[in-house]
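Number of protein chains: 2
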Amino acid sequence: MFIKVLGAAAGGGYPQWNCNHPNSRLARLKTSNAVPRTQSSIAVSSDKKKWFIFNASPDLRQQLWDNPELMPSPDDPLRYSPIMGVILTNADVDHTAGLINLRESQKFNLYATNRVLDVIGKNSIFNVLNPKFVKKLPIKLANILELNDTEDNFSGISIKPFSVPGKVALWLEDESKGKNFGSVEEDTIALEVTGANNKKFFYIPACASIPEWLLTKLDNSELVFFDGTLWQDDEMIKQNVGIKTGKRMGHISMSGEEGSIEILNKINIKRKVFIHINTTNPALLEDSNERKIAKENGWEIAYDTMEIKL
Amino acid sequence: MFIKVLGAAAGGGYPQWNCNHPNSRLARLKTSNAVPRTQSSIAVSSDKKKWFIFNASPDLRQQLWDNPELMPSPDDPLRYSPIMGVILTNADVDHTAGLINLRESQKFNLYATNRVLDVIGKNSIFNVLNPKFVKKLPIKLANILELNDTEDNFSGISIKPFSVPGKVALWLEDESKGKNFGSVEEDTIALEVTGANNKKFFYIPACASIPEWLLTKLDNSELVFFDGTLWQDDEMIKQNVGIKTGKRMGHISMSGEEGSIEILNKINIKRKVFIHINTTNPALLEDSNERKIAKENGWEIAYDTMEIKL
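Protein sequences, first through last, are from chains A and B.
Residue 1 is where the first sequence starts when you use my numbering, and the numbers rise one by one after that.
Residue 1 is where the second sequence starts when you use my numbering, and the numbers rise one by one after that.
Rather than coming from a laboratory, the hints here were simulated on the basis of the structure.
Don't take each hint at face value.
Put simply, identical chains are the same to the list, so a pair is met inside one copy or across any two.
Subject to a maximum C-alpha distance of 16 Å in a straight line, what follows is the list of computed EDC-like cross-link-like pairs (lysine to aspartate or glutamate) [said to hold, decoys possible]: (1) Lys-244 with Glu-104; (2) Lys-309 with Glu-290; (3) Lys-217 with Asp-118; (4) Lys-135 with Asp-287; (5) Lys-30 with Glu-69; (6) Lys-48 with Asp-149; (7) Lys-107 with Glu-262; (8) Lys-247 with Asp-234; (9) Lys-49 with Asp-76; (10) Lys-292 with Asp-234.
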């Protein structure tokens with residue numbers, strides 16, 4: 001199974017368009033310790049010919065350009081795409097808006113929970129996905145789903161979705177519905193992904209906390225992509241670039257006693273990769289102390305075009 | 001007045017994600033005669049400090065990266081953008097989806113006809129534009145509108161919108177409404193843009209035909225950006241990459257007796273630039289015969305980062 005990181009940054013990318021925080025500034029100055037990243041997405045394939053995209057980032061068109069295996073090859077038909085399907089783990093703009101790039105008359109399968117499919121259906125801008133060509137297939141929690149190519153042949157890759165602690169997408173928050181803004185189980189899912197060779201990995205780009213059952217689930221796994229949005233829960237407030245904590249946004253922080261580094265140190269994971277990293281997170285900088293701490297604890301910081309073979 | 005072409009290609013960009021037409025193939029092979037282009041947009045400024053974006057393409061994040069003057073400078077505040085406003089000329093996905101990139105808590109003015117603002121309002125995904133920060137300002141046909149910066153000071157740039165022959169956006173077509181799919185005047189507008197120095201140009205990225213009144217209007221103008229979607233009305237059908245003519249899509253073709261080159265030859269325009277160019281248009285290729293013909297008739301083919309001072 002082949003995994004490519006299409007985008008390693010959180011919503012808005014690194015740097016964010018209106019952010020002048022030192023991290024973003026360094027990326028614009030093109031210093032070697034601050035590598036820009038597009039928005040959160042990975043691609044998965046059994047054969048490097050047929051690909052499934054996990055989350056469709058607004059940067060998708062640029063990501064295809066940066067990953068030529070996701071575009072037609074010279075010998076392909078006049079209209080063709082190696083993208084067989086798109087799987088959404090929530091309705092966040094940084095995970096769904098990219099669908100708009102997959103416009104018009106091209107077959108592919110769109111997988112998401114009914115909750116997320118419903119939101120897509122209600123936004124007429126997604127009518128650019130012609131229903132004659134794009135099959136919308138609901139993901140059911142805890143059920144194993146075999147990913148088929150556009151000819152309905154099994155790709156070798158299957159996913160088992162499960163709900164993780166999280167929050168409804170920002171643009172769908174309903175303040176009248178109390179502290180959790182009307183969030184339900186199907187709003188934030190994670191995936192256990194199994195390849196034809198029976199190798200498995202976990203994809204968890206958004207997660208608000210790590211309960212005991214999740215620790216048990218991840219123990220002894222080979223590879224985990226995990227929510228790396230913030231280093232500190234209040235880093236955006238402290239640095240005057242935002243008014244929200246990680247907890248408010250549905251993201252656990254990397255550092256601290258309740259942070260993902262400390263908690264996931266309790267179990268055994270062979271390879272740990274942070275993904276969905278916010279423009280303010282100091283672990284983005286190659287030479288930061290925070291990067292060093294993450295590394296010492298066995299973590300890698302995902303970057304665009306990173307490739308992992310499992 | 002400074003004008004920058006952010007994106008010169010039509011919807012889907014050049015090359016389009018699922019297109020394997022020889023034009024698209026050449027772009028992917030990175031041959032020097034086939035320069036990739038992002039989706040249709042220009043930026044206009046009086047001082048190169050405060051900018052207005054005309055049409056928000058899905059490639060906007062990449063376009064800001066390619067045009068650093070549109071991103072914060074090191075001395076700007078922690079949250080800042082030189083983008084003071086966005087003007088939409090229709091609701092096409094390639095002209096509106098980019099708004100999603102201008103997310104959260106950043107002041108700017110959004111100008112469009114009520115018809116287009118209404119469509120944006122009905123798609124909840126655009127809630128990422130926080131109404132506390134983004135002012136929606138209706139454009140009225142034939143009225144001169146002064147573009148203000150986010151502090152409500154006049155930028156020196158004003159626009160005079162007028163309706164041109166066209167069609168409602170593809171994703172909003174209503175087949176029950178007959179041959180024009182329910183299109184109304186406010187669906188496709190063009191802009192006469194005047195700078196502080198009283199210089200003017202026309203921006204017409206979509207136009208289905210050139211009636212006599214439009215010829216009169218454009219006569220003796222200094223600069224016109226004009227719809228360059230297709231070379232031939234039926235080129236997508238002939239080349240087996242689509243089923244629609246230019247006329248069906250609301251775009252006049254460049255060539256032929258009824259094409260824009262021939263018709264606009266009847267009047268005097270100092271500088272003529274084709275923009276919104278489809279991935280199938282042979283004029284995209286630097287060494288094509290069609291490029292030569294366009295050039296001989298006084299036309300330039302817009303490219304990303306092209307800069308014009310007026």
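**Asked** Is it within, between, both, or neither for Lys-292 and Asp-234, if the alpha carbons may be no more than 16 Å apart?
**Response** neither (20 Å within a copy, 59 Å between copies)
ask   = Quick one: Lys-135 to Asp-287, C-alpha cut-off 16 Å, is that within a copy, between copies, both, or neither?
value = The answer is neither: 45 Å in one copy and 41 Å across copies each exceed 16 Å.
Using 16 Å as the alpha carbon limit, work out where Lys-48 and Asp-149 are close: within a copy, between copies, both or neither. within (13 Å within a copy, 49 Å between copies)
Within, between, both or neither: how does the pair Lys-217, Asp-118 come out at a Cα-Cα threshold of 16 Å? Neither. Shortest intra-copy (29 Å) and inter-copy (47 Å) distances fail the 16 Å Cα cut-off.
*asked:* At most 16 Å between CA atoms: does that hold for Lys-247 and Asp-234 within a copy, between copies, both, or neither?
replied: For Lys-247 and Asp-234, only the intra-copy Cα distance (9 Å) is at most 16 Å; the inter-copy one is 55 Å.
query: How would you classify Lys-30 and Glu-69 at a CA-CA limit of 16 Å: within, between, both, or neither?
result: between (26 Å within a copy, 15 Å between copies)
Are the CA atoms of Lys-309 and Glu-290 at most 16 Å apart within a copy, between copies, both, or neither? neither (27 Å within a copy, 46 Å between copies)
(request) At 16 Å max between alpha carbons, let me know whether Lys-107 reaches Glu-262 within a copy, between copies, both or neither. (result) Classified as neither; 44 Å inside a copy, 39 Å across copies.
At most 16 Å between CA atoms: does that hold for Lys-49 and Asp-76 within a copy, between copies, both, or neither?
within (11 Å within a copy, 45 Å between copies)
With 16 Å as the alpha-carbon cut-off, assign the pair Lys-244 and Glu-104 to within, between, both or neither. between (38 Å within a copy, 12 Å between copies)
Taken one by one, the earlier hints fail for this structure at numbers 2, 3, 4, 7 and 10, listed in ascending order.
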